[in-house]
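K.L.:
Take these sequences, add in the hints, and give me the full structure.
Taken in order, these protein sequences are the chains called A and B.
Just so it is clear: in the first sequence, position 198 is 198 by our numbering, and no numbers are missing.
Just so it is clear: in the second sequence, position 13 is 242 by our numbering, and no numbers are missing.
Note that these hints are calculated values from the structure, not bench results.
Cβ atoms here follow ideal geometry from the backbone N, Cα and C, with glycine treated the same way.
Any given hint could be a false lead.
[As the list claims (entries may be wrong)] Derived pair list, reagent style BS3-like, types lysine-lysine, alpha-carbon separation capped at 25 Å:
1. Lys102/A to Lys238/B
2. Lys102/A to Lys239/B
3. Lys31/A to Lys293/B
4. Lys140/A to Lys246/B
5. Lys105/A to Lys246/B
6. Lys239/B to Lys105/A
[As the list claims (entries may be wrong)] Restraint ranges, calculated between C-beta atoms of paired labels, are given here:
7. His138/A to Lys293/B: 41 to 47 Å
8. Asp320/B to Glu4/A: 28 to 34 Å
9. Ala117/A to Trp300/B: 32 to 38 Å
10. Ile77/A to Trp283/B: 22 to 28 Å
11. Leu74/A to Leu253/B: 37 to 43 Å
12. Glu4/A to Gly318/B: 55 to 61 Å
13. Gly224/A to Ile249/B: 27 to 33 Å
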Amino acid sequence: MSHEYVPEIATDRDGKQHEVQGWQDDFYGGKLGFWLFMFTEVLMFGAMFMALSYYNTLHPQEFLDASASLNRLLGGINTVILLISALTMGLGLLKMRTGDVKGAKLMIWVTMLLAVAFLVIKGFEWRAEYHHGVFLMHDKLLADSSFPLGEKLFFGLYFTMTGLHGFHIIIGIGLMLWLLKRINAEKVRPDHHILHWNIALYWDIVHLIWVFVFPYYYMIGAGGATGGH
Amino acid sequence: MDTNNIDYKKEQSRFFKVLIGLLLLTAVTFIQPHLFLTEANFAAQMFIAVLKAWLIIMYYMHLKGETLITWMAGFSLFIVFTFFAIVIGVDVQHFQFKDESHITESAIPLHEAGHESHSTHSAH
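P.N.:
Below, the structure written as structure tokens:
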């Protein structure tokens, strides 16, 4: 399928033809548009954090108890994995901008591997929670179970938010595969890298969301915490 | 707009410095609940998260020097936090139906509640 640029022609009232300015190289416009998209992500996760905070103020002690029961080691490893993946993604973009296309592709592959590692660890974590009877619409989280309501709300939102975040990771892997395809086709190159720039931004927002998800779920109940609410 | 006039070594060095900063802050995230501000754990954790977010936004997301996008980001966050303040600060404080609402009351029917123990759940 060809993607040759065909200029758009506009005709003025005197019958003169003018070539419409192409938008393909509008780097700033492309970046600005992607920032607008990221604000919608902030609004979506912001609404979830608001629900979380709302229930937290109603059930402070049960939230601390539920948080204390999460696996901080696995959550911490995933935090470091995402942190390093943000670095590799950023370095990949840097390599692309300086003309090292091969290095850029290598960094994208490393980022994807780290993303898969994140999902695998998250999968082990969810599996362990499932075996403890804590999972959406399962055992302790069923409406008629005797599990404290605050903990049900905590875990309900925990699975929803980490699940949605995980879904974003999967989308990110898909975007990176698409980016590699576009680089191989030389549609993304050192002098035309807005797609790479925006996918790197996407990966950063996924990382940024985790920066708040991790402490809110895993750390508020650490160290026998009782204060702060 | 040409964004490729960059000093690779300098940019790479900045990326690694930010990584070290983020790793140190992550270490503080783990240490804090056991060592300091233990009575304000939640606030301390969120403060560390904000510091990490600032580093990511400014350096990894290249917002440093982007006036228009910075204003847009600031305005959007202001809107989000305004709603937070209204819902958490005002709405929750004046919640009138604590005794009736399903989000504050146990889901167990009252006649069963007396027979079931809430201590049956176990931490992982």
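K.L.:
So which hints don't hold here, by number, going up?
P.N.:
4, 8 and 11
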